[in-house]
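Visitor: Given next are the chains, with one letter for each unit.
Protein chains: 2
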Amino acid sequence: MAAPSLDLSATAVDLTRQLCDIDSVSDNEGPLADAIEAAVRAHPHLDVSRVGDTVVARTHLGRDRRVVIAGHIDTVPINGNVPVRDVEVDGEPHLWGRGTVDMKAGVAVQLKLAAELAEPDVDVTWIWYDHEEVGEDRNGLRLLAAAHPELMEGDFAILGEPSNGHIEGGCNGTLRAEIRTRGVRAHSARSWVGHNAIHDAAEVLQVLQSYRPRSIEVEGLTFREGLNAVMISGGVAGNVIPDECVVQVNYRFAPSRSVQEATEHVVDLFEGFDVRVVDAAAGARPGLDAPLAQEFIDAVGATPQPKYGWTDVARFSALGIPAVNFGPGDPTKAHADDESVPVAQIVATEESLRTWLSRA
Amino acid sequence: MAAPSLDLSATAVDLTRQLCDIDSVSDNEGPLADAIEAAVRAHPHLDVSRVGDTVVARTHLGRDRRVVIAGHIDTVPINGNVPVRDVEVDGEPHLWGRGTVDMKAGVAVQLKLAAELAEPDVDVTWIWYDHEEVGEDRNGLRLLAAAHPELMEGDFAILGEPSNGHIEGGCNGTLRAEIRTRGVRAHSARSWVGHNAIHDAAEVLQVLQSYRPRSIEVEGLTFREGLNAVMISGGVAGNVIPDECVVQVNYRFAPSRSVQEATEHVVDLFEGFDVRVVDAAAGARPGLDAPLAQEFIDAVGATPQPKYGWTDVARFSALGIPAVNFGPGDPTKAHADDESVPVAQIVATEESLRTWLSRA
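Residue numbers (full-length UniProt numbering), protein chains in the order written: chain A, 1 to 360; chain B, 1 to 360.
Hints are computed from structural coordinates only; laboratory data are not their basis. Every residue, glycine too, gets a C-beta built ideally from N, C-alpha and C. Hints should not be assumed to be uniformly reliable.
To be verified - To spell it out: a stretch of chain A is covered by chain B in this simulated footprint if at least three of its residues, at any positions, have a beta carbon under 8 Å from a beta carbon of chain B; those stretches are:
(1) 104-117
(2) 123-134
(3) 248-261
(4) 304-313
(5) 330-344
With the hints as constraints, model all of the structure from the sequences given.
Guide: So this is what it looks like as C-alpha cells:
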C-alpha cells in the first residue's frame, strides 16, 4: 500500500475525512505522523520538528506572544466505523466514524490553519501528538514536555479536544484506586472452611452505590465530580472459594482539590479496606483570567464551560501555561462506536480560530 | 525420555510414589494410562479394555455379584510439588506432593489389589479414568458410560476419592449460575450520562452475604449446603462506566433436591436479576441400604459420613448403582499445593479393601 498523504489545501471537512480514513489507533500513529510531517514541511513558514510520532510546527515571526495549539492524532480501536461516512443526524449533516469527534476534526482544523496562516497575529506552535488514548507513560505530549520543554513554551495553549465548539476551561483531576478484600481459599463444596472475599466486596459496592458526588465551583465554573467502580474482578475457579476481590474505582475530582486531598477522600470513604492508588493526575484550574484567554473568549463569543474529563490541558497548566479545550464534536460521543461530528461545528471552529489568529 | 512403567508388586505406598512422579495433569494422562494398561495386561486374570485414556480391567469368575471400583488418574496442575517427598505431619509419616491426596494413593491401592487378587469374592470391574479435574464434557467416566455402558455394569460401586479412609455416602449436587446486572456505558468523566452495572451488583453480593445455608438429612446422613460467589467480573476500561457485571455463584445442594428445585431456589433468591444456569449436576443419595453397601460398611467398621463435594459416584447413582467414596487422604487437602496423604491411611484403606474382597 502506498504511504498515505494529506492535501492541506482541501476544506477542513474534507481534511477530516482524509484523516479519519488513515488508521491511527494508538501504537499505529506512524503512517499518519509521516503524512502530517510531509504535509507541513511543504510550508516554508513552519519550522518542523519530529519527536517519535509527534510533529511540532512553529512560526518564528518575532511576535511578542506565542500560542500553542495541540491535538492528538491517535484514536481508540476501530469497530467497523471506518471509512468515514456522510450522515444526517436530526436533519444536520455530520461526518460519522472513528475519530470524527475524538479528535480528527479538531486536528483537521489545526492542520488547515497551520498551512494557510503564514503570518498569524501571534507566533504559533502547532503540536500533533501520539498515544493520548492509552497509558500516561507513552503520552506524546508528556514525552515532549519531558524531552523538549522548549517546544512547549508559550503564553496560552488551546487543545483541540471536542467541546462542541465552545471553550471549556480547566479540567477535573482523575484518580484510580484498587479496593481489595481478602479471604481464605477453600473448595466450594466445603465453603465453611474458607472465607469468601467476593462476598466482602458487598460493602465496597454499597459505599459506591450510596455516594453522592459533589459539584464544586472553581473560578466561576462549576465542576461536577464522580466516583465509580470501573472494574471488578475476583475468583479462582468455578469450585473454589475466592481469596481476593479487587474493585477498581475512578474518582474524578474538581481542580480545586490536590491529588493528596483526593487520595485522602477515597481512603476515608473505604476505611477498613486495603486501598491502593494506581494512578492519579491533578486537574487544571480554568485559567480564564489570563489576557490571551480573555481575548480568545471574546473572539469566540461564548460563555466558557468547565471540562469534566481530564485532558492534556493539565500538562500545560502544570507548566504554568493557561490552557483551554476548544474543538468540534460532542465530548459525550468520544469513543462511542457511532461517534459523529456536526459539519457546521467543524466550519465554525475553523472560522473562530482563523479570525482570532488573523485579527491583527 | 523412556516411557514410564509401573511395578504393581511394590507396596501401595511405593506405588503411590511411582504414580505421583508420572505427570498426568488433565489432558496429559496418556503416558500414565499407557503404563497402567501395560501393567494390568501382565495379569491374565484381568480382561483389559482401553477407551481413550481410560483403562478398564475386569475379572470374569462367574460370581453372582459385581463390584465396580474406580479412580481418576489425572491431577490439577503441578505447582512445584512433584516429585513426591516423604514428610512428617504432626509426627505421622506422609507422602507430600501433587496427586498424593487427589487421588493417586487411592489409585495405587486399587492397582495393587487388581494385580494381587486373582480370585476375589465378587467379580470386580476396575476403572482408571481421565479428565476428572476438568469440564464435564471430557470426563472419562462419563464418556465410558455413554459409549460402553456394559463396562460400567455392577451391583455396587466404590470410588477411591479421598475420604480419610472412611466411607462417604452420596454427594451434594452442584449448580453454577451467572447473575448479571446491566447498565449503560459512558465516559467516567461524565458518569451521570451512564448507569453503573458494577454498583448494581451490590445487591447480589448482599444476598450472598446474608444467605444462611441449610443442613439437610438424607437417609441418615446430614448434608451441609453452600451458596457462594466463585467469580465476579465487570468493567470495560479504566475510564468507562461499566455496562455489565457478572457474578458466578456455585450452589451445593443436598441430594434430596433435584436440579430443577435447586434452580428454582437460586432464581427465587435473585429475583429481579438476570439468572442463567451455566451447569448443574444432581447429587447422589447415599444408597447405603443396598446389601453390598451394608456388607462393605460392616467390613470397614466405621460410621459412614456424607460427601459434601460432587463426585463421580453420582454417575453410578444415575445408572441405578449404589456407590460410595472410599479412599485415603483428607478431601480438604485436595488441590492444595501442600497436599499430603498419611501413609497409615494408604495402608488401612488397602487392608480394608483386601479383606472385604477376599472375605469368602
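Visitor: Tell me the hint numbers this structure goes against, listed in increasing order.
Guide: Of the numbered hints given earlier, those the structure breaks are 1, 2, listed in rising order.
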